[in-house]
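*Asks:* So you can see what is in the structure, the chains are spelled out below.
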Amino acid sequence: MKKNGIYEDQITDETTIIEEAFEGSGDTIESEEFDDTLGEETEESANDYLEVSSENSGSDQDFEDLETPFEGNESGTTEGSQTEEGTLEKVSGYDYSVLEEQESEEENEEHLLDAYYAEFGDPTAAMLMRSESGKKMMQEVVIGKDDRKQIKGTTQYPWRAICSLRIKAKDGTNWIGTGFLIGPRTVITAGHVVYMHKHGGWAKSIEVIPGRNGAKKPYGSCKTSHFHSVKGWTKSKKRSHDYGAIILPKNCKYGNKVGYFGYGNYGFFDLLGLKVNLSGYPGDKPAGTQWWHARKIKAVTSRTLVYNIDTAGGQSGSPVWRIKNGKRYAVGIHTNGYSLGNSATRITKPVFKNLKNWKNKYK
Amino acid sequence: MGATIRGKIVDQKSKKPVKEAVITLTITGMTRLVDIAQVTDDFGAFLWKDLEPGEYDILIMAGGYTNRKISILLNTNEEQEVFIELF
Chain A
44 MKKNGIYEDQ
54 ITDETTIIEE
64 AFEGSGDTIE
74 SEEFDDTLGE
84 ETEESANDYL
94 EVSSENSGSD
104 QDFEDLETPF
114 EGNESGTTEG
124 SQTEEGTLEK
134 VSGYDYSVLE
144 EQESEEENEE
154 HLLDAYYAEF
164 GDPTAAMLMR
174 SESGKKMMQE
184 VVIGKDDRKQ
194 IKGTTQYPWR
204 AICSLRIKAK
214 DGTNWIGTGF
224 LIGPRTVITA
234 GHVVYMHKHG
244 GWAKSIEVIP
254 GRNGAKKPYG
264 SCKTSHFHSV
274 KGWTKSKKRS
284 HDYGAIILPK
294 NCKYGNKVGY
304 FGYGNYGFFD
314 LLGLKVNLSG
324 YPGDKPAGTQ
334 WWHARKIKAV
344 TSRTLVYNID
354 TAGGQSGSPV
364 WRIKNGKRYA
374 VGIHTNGYSL
384 GNSATRITKP
394 VFKNLKNWKN
404 KYK
Chain B
234 MGATIRGKIV
244 DQKSKKPVKE
254 AVITLTITGM
264 TRLVDIAQVT
274 DDFGAFLWKD
284 LEPGEYDILI
294 MAGGYTNRKI
304 SILLNTNEEQ
314 EVFIELF
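Residue numbers (this note's numbering), protein chains in the order written: chain A, 44 to 406; chain B, 234 to 320.
One or more hints might be untrue.
Here are the simulated DSS-like cross-link-like pairs (lysine-lysine), alpha carbons at most 27 angstroms apart as the crow flies [what the hints assert, rightly or not]: (1) LYS260(A) / LYS248(B); (2) LYS404(A) / LYS300(A); (3) LYS246(B) / LYS213(A); (4) LYS282(B) / LYS281(A).
Label pairs and their in silico Cβ distance ranges [to be verified]: (5) THR299(B) / LYS281(A): 33 to 43 angstroms; (6) THR299(B) / PRO261(A): 36 to 46 angstroms; (7) SER247(B) / LYS293(A): 22 to 32 angstroms; (8) GLY244(A) / GLY297(B): 33 to 43 angstroms; (9) LYS248(B) / ASN116(A): 43 to 53 angstroms; (10) GLY243(A) / VAL315(B): 15 to 25 angstroms.
Just so you know, the hints here were simulated from the structure itself, not pulled from any lab data.
C-beta atoms are modelled at their ideal positions from N, C-alpha and C, and glycine is treated no differently.
Please work from the sequences and hints to get the whole structure.
*Replies:* Encoded structure:
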């Protein structure tokens, strides 16, 4: 429900809990704070967050420790230094002024956001958007030009902690996606990358290629069949639970070399309007090239983030991140393209806990 | 259950299958689509299940070929076969 421009059912701002990225020498630990937006989970929805694994291993849950972002042991300067705004990477050739212009665009898009929120509980508004007038309204939306920027220095942090994925589904089909390291052996991605309901369930195997740049694989690649997700995705196929993890073999601790992202559970007011980065491996660009884009988060629901960052098939699993105090924190996991705005699974408290568990369990 | 696209991609001249072609889908209107892409197998084939009904643009990119985009309309639970030549 919207009131004075604010969606009431999303309101609870508050504190954040942060897992830090690892940059080699940077091991500052931020204070641990929680956003209790989802503290009142029903038993059914809480079960949706129960982790499941392709290997049926038992869950050894320990949520007590903090994690640390790490840039890796590779030498080299960090290309992705902060911009003046603080939360974005500095990528040459990108017109950062469009982020300010976005505000006026968003005023015109307010009715579209109503439709987006309608998907989460208001059937009347949803029906309106499916009517002829609603469709006409949709067609009049100008998305704007594609101003994604190619990342050519993929051997520098944080770009090298982003991985091109080659997925072999159980039914023999082949797919491409994106993932990002959050620990030595843990790569986070979309749930539909590791578990494809209509293509055999758990993927047969996934090849992980950090920092890929076209045909170049600067750190080689590793193949694995060890995955995690949650019941809300594998059993119930809920969009809000579309996330998972790829566990690299013990002899493939890429995170120690290339570094990894931190991640954080932030409140509604921290996220709405936050300028965020997204970088991944889209299928509509030359094969294996990494592309970055940035925009403000234009809508926040209890479990998703919505933005006008340009994406394409192949970018599922890309990190949506901010810079804070010089460190990179993922706030979402990109999953969907949509005319009302592309979207990510939000790193809520339960998502945060599962990520932390998957990171700590496999070091 | 969802709709299905079953496709094959070949070289226009030789009629040989094009493997490693990347397929991306976009859909017009109010349908959310997962942002994943498919790659053709050794036989130039691809299979995309569980799609919502709607009007899709299929973009095909393969090394050494001109990009190709085609549009198809998928009805509920329909299975469509597409044969695409690249040059």
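*Asks:* Which earlier hints turn out false for this structure, listed by number in ascending order?
*Replies:* 1, 3, 6 and 7
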